[in-house]
Amino acid sequence: MFATTLPPFVSTLSNDPDMRELVELFVMELPQKIGVFESLLEDDNWARLKHVSHQLKGSAGGYGFDCVTPFAARVEQAIEGDHPNLELARSRVLELIEVLRRLRA
Amino acid sequence: MSKLLHTSRTVLHVDDDPDMLQLVSSYLSKKFDVHSISDPTKAVDHLARTGCRLAILDIQMEKHNGLDLLRTIKRLDGGILVVMLTGVVSLESVLVSMREGAEACLFKPLKNPDELLKTMEECADKVARWHRSVNELLVRRAAESSNAELALSLTGH
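Which chain is which? The protein sequence lines are A and B, in order.
Under this note's numbering, the first residue of the first sequence is numbered 1, with each subsequent residue one higher.
Under this note's numbering, the first residue of the second sequence is numbered 1, with each subsequent residue one higher.
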């Protein structure tokens, strides 16, 4: 995972004793998630990219990362429809990856 | 605890996102026995095998659409109570869920986990109410049967 110079996004649930362990696990698995996005982007696998973005849109907020939701939704929207704008989608996936790199427990 | 009462506190959660399975299990596990399944094609078999009466379904899954799964479950047993938990925020998904017999449609990301807990508690209460009716019916039948036997013995028939 590349380091980013932008400020981190810290989970809003980091001080929740019931959620802390789960949030740490979610953050620990981020490099793997980022790897999946990068690999799908390399393969131009837009159907899977749409699906994993949709999943992230639904789950990240539950781990205190509401900041991810609009970025994941933007990817999904760019891929949706009969004539998706794949260049726009590509830039939005990269944008989402950058957000994921900034997440901290 | 009877098997029927036990199954009213068991929830099957079907979602192909492991992060959601983890999250929902953590929200509900203090009050419910949560069975998490990431492969929707195994859901119906699981329900039939375990007798579980409560289910939470995602809609947009890769292998299976959750609304189709809702229909299949309701055909299997209309008494299984289903709650949709979905990232598909559309009027259509709400209307179809309602028409096909879902108890509720909640949206991801879940802003308030208590809403899910409250919904599942209401479903569990509904299942428990039906179980009580069935139990009362059995008791009444047994009583009627023994009263009839008593009457027969008193009349010497």
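Check the hints yourself; a few may be wrong.
To be verified - Result set (SDA-like, lysine to any residue): computed pairs, CA atoms no more than 20 Å apart in a straight line:
hint: 1; chain 1: A; residue 1: Lys33; chain 2: B; residue 2: Asp19
hint: 2; chain 1: A; residue 1: Lys50; chain 2: B; residue 2: Lys74
hint: 3; chain 1: B; residue 1: Lys63; chain 2: B; residue 2: Gly51
hint: 4; chain 1: B; residue 1: Lys126; chain 2: B; residue 2: Arg9
hint: 5; chain 1: A; residue 1: Lys50; chain 2: B; residue 2: Phe107
hint: 6; chain 1: B; residue 1: Lys118; chain 2: B; residue 2: His35
hint: 7; chain 1: A; residue 1: Lys50; chain 2: B; residue 2: Asp39
hint: 8; chain 1: B; residue 1: Lys31; chain 2: A; residue 2: Asp18
hint: 9; chain 1: B; residue 1: Lys118; chain 2: A; residue 2: Asp18
FYI, nobody ran anything at the bench for these hints, they're computed from the structure.
Ascending list of hint numbers which this structure does not respect: 2, 3
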